[in-house]
Amino acid sequence: MLEFRDVTKRYSGGSEALRGVSFSIDRGEMVFLTGHSGAGKSTLMRLVAVMERPSRGTIRLDGQMLNQARAREIPFIRRKLGLIFQDYRLLQDRTVSENVALPMMIAGFAPDIIERRVRASLDKVGLLGRERRMPQGLSGGEQQRVGIARAIAHNPLVILADEPTGNLDPDLAAEIMDLFADFNQSGTTVLIATHDPLLVARHPVRQLVLSKGHMTEVRA
Amino acid sequence: MKAPVRQRVRPVARASGSTLRDRFSGYLSQHRTCAQEALGRIMHSPYAASLTIAVIAIVLALPASFQLGINNLRHITEAVESGYQLSVFLKPEINADIARRLSEKVRNQPHVVDVRVVSKEQGLEQLQHYSGLGDALKTLNFNPLPIVIKISLQDRLRYHQDVERLVAQLRDLQETDLVQDDQQMNDRLRAWLHLAERSTEALGLLLGLGVLLVVGNTIRLEMYSRREEIQVQRFLGATDGYIRRPFLYTAFWYGLIGSMGAIFLVLILLLLVYGPARQLSALYGGDLQLVFLGLPDFLILVLLACSVSVMAAWTVLTHYLLQISAE
Numbered sequence: 001m002l003e004f005r006d007v008t009k010r011y012s013g014g015s016e017a018l019r020g021v022s023f024s025i026d027r028g029e030m031v032f033l034t035g036h037s038g039a040g041k042s043t044l045m046r047l048v049a050v051m052e053r054p055s056r057g058t059i060r061l062d063g064q065m066l067n068q069a070r071a072r073e074i075p076f077i078r079r080k081l082g083l084i085f086q087d088y089r090l091l092q093d094r095t096v097s098e099n100v101a102l103p104m105m106i107a108g109f110a111p112d113i114i115e116r117r118v119r120a121s122l123d124k125v126g127l128l129g130r131e132r133r134m135p136q137g138l139s140g141g142e143q144q145r146v147g148i149a150r151a152i153a154h155n156p157l158v159i160l161a162d163e164p165t166g167n168l169d170p171d172l173a174a175e176i177m178d179l180f181a182d183f184n185q186s187g188t189t190v191l192i193a194t195h196d197p198l199l200v201a202r203h204p205v206r207q208l209v210l211s212k213g214h215m216t217e218v219r220a
Numbered sequence: 001m002k003a004p005v006r007q008r009v010r011p012v013a014r015a016s017g018s019t020l021r022d023r024f025s026g027y028l029s030q031h032r033t034c035a036q037e038a039l040g041r042i043m044h045s046p047y048a049a050s051l052t053i054a055v056i057a058i059v060l061a062l063p064a065s066f067q068l069g070i071n072n073l074r075h076i077t078e079a080v081e082s083g084y085q086l087s088v089f090l091k092p093e094i095n096a097d098i099a100r101r102l103s104e105k106v107r108n109q110p111h112v113v114d115v116r117v118v119s120k121e122q123g124l125e126q127l128q129h130y131s132g133l134g135d136a137l138k139t140l141n142f143n144p145l146p147i148v149i150k151i152s153l154q155d156r157l158r159y160h161q162d163v164e165r166l167v168a169q170l171r172d173l174q175e176t177d178l179v180q181d182d183q184q185m186n187d188r189l190r191a192w193l194h195l196a197e198r199s200t201e202a203l204g205l206l207l208g209l210g211v212l213l214v215v216g217n218t219i220r221l222e223m224y225s226r227r228e229e230i231q232v233q234r235f236l237g238a239t240d241g242y243i244r245r246p247f248l249y250t251a252f253w254y255g256l257i258g259s260m261g262a263i264f265l266v267l268i269l270l271l272l273v274y275g276p277a278r279q280l281s282a283l284y285g286g287d288l289q290l291v292f293l294g295l296p297d298f299l300i301l302v303l304l305a306c307s308v309s310v311m312a313a314w315t316v317l318t319h320y321l322l323q324i325s326a327e
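Protein chains in written order, with my numbering: chain A, 1 to 220; chain B, 1 to 327.
Everything labelled a hint here was simulated from the structure, so no lab data went into it. Errors might be hidden in some of the hints.
Stated by the list, open to error - Chain B is nowhere near these chain A residues, computed Cβ spacing over 12 Å in every case:
no.	residue
1	14
2	37
3	128
4	169
5	202
As the list claims (entries may be wrong) - Some, not all, of what chain A presents toward chain B, calculated at C-beta under 8 Å:
no.	residue
6	105
7	107
8	108
9	111
10	113
11	134
Unchecked claim - Over the 12 Å line for every Cβ pair with chain A, so calculated as not near, a few chain B residues:
no.	residue
12	47
13	110
14	167
15	178
16	184
We put the CB at the ideal spot given by N, CA and C, even for glycine.
Between the sequences and the hints, there should be enough to build the whole structure, so can you do that?
Next comes the structure, spelled out in structure tokens:
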């Protein structure tokens, strides 16, 4: 469903973040993307979300060539993704439920459907009852759960999480990872970028390892 | 000939499992939310917003009040104008029969539209009524006024030379005492009004540009303060149209409230000058009726303000969105 073929990303300074990277992820799979910071994990994530374009190679998501996508197609590609960020990226002046509703508002869902799905996804991350709270009033772990609820509410093709536990202590991080594993159990495709080997060890899934822009694969 | 039928390509329903009606209600609710949120944001920071609104109101009130002044002057000129542009004062000894015969002769001249004979009695009555000298005139035991023939002309600016010739002919008649060109004053006044109106339009254009800049700058500042939010929306698949929408509504509200404020200011100005204007008018024995902006003027002002504001916001936003997608 997500396929990289010989993808190279070279920045204008001449540095190469990715060098001839090829891999594919099937529907319903959960995959870790690991490597030291600066190994190119974020670049790879940004390429999938079409925040950047590859210098060479092809990227295919759900049959669509992302490297050839036109500017006005990009928003609709992003609606197929569930993006989760290390720093949560919640809107601080909106309530929890408004934050979760945002991708569905953007995609133009009907209000009653939005309301139903907001509750369902907050339920999944264990935050039901916090709908009216503001993000500042929540702990880091809770904020990341809101971020996750926001990413899954519109039923994305694939969840992309970039260092989702980077700002959390080990216990909370483990809980968040278990959450992803749960989603995966119920059929969601998940790609998680992380540099934390302890978390990876807890979940026996396929690993894509980036090192200086080159990719190697570790089977679980 | 039949125009080729064009079919609009409808975007495929992208929200999974939603019907067209759901999508429509989703779209409507997007707009409603945007409009409400934009208004709420303005209400939420009343101090900053009221500065912008006050500037818009003052900038719009200026040309609007000039225009109102011109409207009133024109109203007065039209009231003064009788429709007859030449008055031929006959010698006192000329009687009504001769006057009538003479008027028939004038009626047959080219470019003459209408001729009216004002008898001595009618003249006195009018003088009593309009001059404010009513009581003084009543003390006279005879009527000193001559018979007057009033002439209405067709498009006199175009037939200027013919009219000159007619005036000369009338002046040469032995029955004539004096030929007075009533139109000349009005023409001059109208030329002045025209000049004032054109200047107001030019000023309006300049001040409209002012509104454009004020709203544009306000929207730009608001956008920078919501940079983070815009970025998040983009990551979540928002189109440029979606990102622009709340700001366009904000600009719309600024335009609407600002133009309402302008109308309010003009009303206050009018109330301030009403007293002195009435005194002035009373001195001339007139009954002054001030005209306020009519519904069409009102609507034009509001529409212009709103569309200029929205245009300003659109320009700023488009520029900004291009800029951040290049980053």
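Quick rundown of the hints versus the structure:
{"no.": "1", "hint": "14", "result": "holds (20 Å)"}
{"no.": "2", "hint": "37", "result": "holds (21 Å)"}
{"no.": "3", "hint": "128", "result": "holds (22 Å)"}
{"no.": "4", "hint": "169", "result": "holds (25 Å)"}
{"no.": "5", "hint": "202", "result": "holds (28 Å)"}
{"no.": "6", "hint": "105", "result": "holds (6 Å)"}
{"no.": "7", "hint": "107", "result": "holds (5 Å)"}
{"no.": "8", "hint": "108", "result": "holds (4 Å)"}
{"no.": "9", "hint": "111", "result": "holds (5 Å)"}
{"no.": "10", "hint": "113", "result": "holds (6 Å)"}
{"no.": "11", "hint": "134", "result": "violated (14 Å)"}
{"no.": "12", "hint": "47", "result": "holds (18 Å)"}
{"no.": "13", "hint": "110", "result": "holds (68 Å)"}
{"no.": "14", "hint": "167", "result": "holds (72 Å)"}
{"no.": "15", "hint": "178", "result": "holds (79 Å)"}
{"no.": "16", "hint": "184", "result": "holds (65 Å)"}
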